[in-house]
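Student: Residues per chain are reported as follows:
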Amino acid sequence: MFEEPFRWMEAISTRHSYVREKLGKGQPVIGVPHDEGAVIFGFSPQPGKIFEIYDRIALGGLGHPADVERLRMTLLDMAHAEGFNRSAQDVTIGRLLQFGLAPALKQNFEEVQRAPYLIQMLLAEINQEGEAEFFRINYDGYWEKFKKGTVIAGDSKVTDYLQKEIENTDFASFNLDKALQLALSLWEESRKKNKVEDELESVTEDGSEVDEEAENLPVTLAEAFDRWNLEVAVLNSNTGRKCLYRALSENEISVLKSTVAK
Amino acid sequence: MIENFDQTHNSGDFLELLKRSGYNPQRVLSDLPENKALEIPQGTTVLAFHYKEGIIVAGDRRATAGNAIMYERCDKVIPIDGHSLMAIAGVPATAFEMARILSHNFEYYRRSQLRVMSTEGKVRALSRLLKDNVAMAMQGVGAVSPLFATFDIQQEKSLLYFYDMLGAEFQILTHVATGSGSPMIRGVLEHENLWGSRPLEERSQEEAMSLSIRLLQTAAQFDSATGQARPEDKLYPIIAKITKDGYQFVSDEEMEAIYKSSMKRS
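Chains A and B, in that order, give the protein sequences.
To convert, note that position 218 of the first sequence is 218 in my numbering; the numbers rise steadily by one, no gaps.
To convert, note that position 158 of the second sequence is 158 in my numbering; the numbers rise steadily by one, no gaps.
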């Protein structure tokens, strides 16, 4: 079936379309710096979006929960075995991706008889110099590094919009509260913009039909806080402890809600 | 690095992960002849007691091998996770390895299972490491007798344990000391607790730290394997506390001030 090159390319192209369609409704995960480290957050209908990987590394994932879980465990195993056998300083996202996850994901994606991973991941790290770094890895193993923050989202228009806004904002000069509030307002802006564009597209393409499921998704922060879970994790380089990761508690999320969701 | 990519089941046990990656600390012992003449650096005096806000854990800095002083800046109080500390007396090579395994064990469990390991689980994990180490201890090359202090977030309670080298654990409600200098200060701790100005568990952080540094100086007076503070070299004992907010070590600057105020009759 795959003996001819164009057939293989066709199969890969179909795989890309299949995975993108499956990831299409994935809710964004945003990671930005602040003056003491990094913050990473995401809204989702079900808990299980933001995780701790190692002392200085946080993970945000979207896609099929079983795939997120499998790759999370792979990263955890690699990070802890490496941290134990060498040192915590040798556990960096760059190494985990370049020599671990990325080649394995690419191989999996190109083996067309195997089911592809339905996943996108955002990783944040405080490097040994105390600076925040952000990484984005795709289902096909392609990964990129960002200094000013980054985003993953099922919809590429949302990703492009938020990435541009993040690049244009100096999050590293704000304290945690300010950086988080600003990033949340960007999330809300992207939802509003996306909703308007979706409505326009659905009208022009098929006359009057509007995707009901998309129609019912929260658009404002107030709606999102009411109907979804917000997960926030902070990497703070000034704690004086070896683990820099801290998930915001329910109380802290409530306070945040009362501040931003008016 | 990627050998576990297809691993689906995970119990959160770091020792399992170590085994999968081929680590086996016992294999080096299989053909090891008994060697009584071997002199290995050993840790010396560590102590811990409950005070008003939690637990104080303190230790001197000297490592010795027989009569020789091998090292004067040994850190015998080691963070294990955000709310746990281990203080070591015995062979540092084994003790540091145990601390590293334990630390990865607790953190790996918490990160993979998305919940903190129970205090009982933590206490047994150290016991298991000590039991696995019995052969090494019996051959005279790896005896370790640690203290383990932790704050249980669910129970909102600080807990302190002492272990013998075979892995038996004993919960301590007041105070404990281990290492070659400990006999010199255990009596003082009991005396302070029973007839001092206040029971140890009612003492403030300042009082608790001051008592710790005095006890370690006392142990060093009588035990050559326990190192004294040397302010001229900025060499002080290690003191840490565990409270509901986690562990915190006393910085060198703070130690200098505590040392100065403690080394005179109050």
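In case anyone wonders, no lab produced these hints; they're calculated from the structure.
All figures in this text were calculated on a predicted structure; none of them were measured in a lab.
We put the CB at the ideal spot given by N, CA and C, even for glycine.
It is possible that some hints are incorrect.
To be verified - Computed, partial: chain A to chain B, Cβ under 10 Å: (1) I53; (2) P65; (3) R72; (4) D77; (5) A81; (6) N85; (7) Q89; (8) Y142; (9) W143; (10) E144; (11) F146; (12) G240; (13) K242; (14) Y245.
To be verified - Okay, derived cross-link-like pairs now, DSS-like style, lysine-lysine, Cα gap no bigger than 27 Å in a straight line: (15) A/K164 to A/K262; (16) B/K52 to A/K242; (17) A/K242 to B/K19; (18) A/K242 to B/K157; (19) A/K192 to A/K242; (20) A/K242 to B/K264; (21) A/K193 to A/K242; (22) A/K164 to A/K257; (23) B/K52 to A/K157.
Student: Compare the structure with each hint and give your call.
Tutor: Hints and how they fare:
{"no.": "1", "hint": "I53", "in the structure": "7 Å, holds"}
{"no.": "2", "hint": "P65", "in the structure": "13 Å, violated"}
{"no.": "3", "hint": "R72", "in the structure": "8 Å, holds"}
{"no.": "4", "hint": "D77", "in the structure": "4 Å, holds"}
{"no.": "5", "hint": "A81", "in the structure": "5 Å, holds"}
{"no.": "6", "hint": "N85", "in the structure": "7 Å, holds"}
{"no.": "7", "hint": "Q89", "in the structure": "14 Å, violated"}
{"no.": "8", "hint": "Y142", "in the structure": "17 Å, violated"}
{"no.": "9", "hint": "W143", "in the structure": "14 Å, violated"}
{"no.": "10", "hint": "E144", "in the structure": "20 Å, violated"}
{"no.": "11", "hint": "F146", "in the structure": "23 Å, violated"}
{"no.": "12", "hint": "G240", "in the structure": "7 Å, holds"}
{"no.": "13", "hint": "K242", "in the structure": "7 Å, holds"}
{"no.": "14", "hint": "Y245", "in the structure": "9 Å, holds"}
{"no.": "15", "hint": "A/K164 to A/K262", "in the structure": "26 Å, holds"}
{"no.": "16", "hint": "B/K52 to A/K242", "in the structure": "26 Å, holds"}
{"no.": "17", "hint": "A/K242 to B/K19", "in the structure": "25 Å, holds"}
{"no.": "18", "hint": "A/K242 to B/K157", "in the structure": "23 Å, holds"}
{"no.": "19", "hint": "A/K192 to A/K242", "in the structure": "40 Å, violated"}
{"no.": "20", "hint": "A/K242 to B/K264", "in the structure": "35 Å, violated"}
{"no.": "21", "hint": "A/K193 to A/K242", "in the structure": "41 Å, violated"}
{"no.": "22", "hint": "A/K164 to A/K257", "in the structure": "25 Å, holds"}
{"no.": "23", "hint": "B/K52 to A/K157", "in the structure": "57 Å, violated"}
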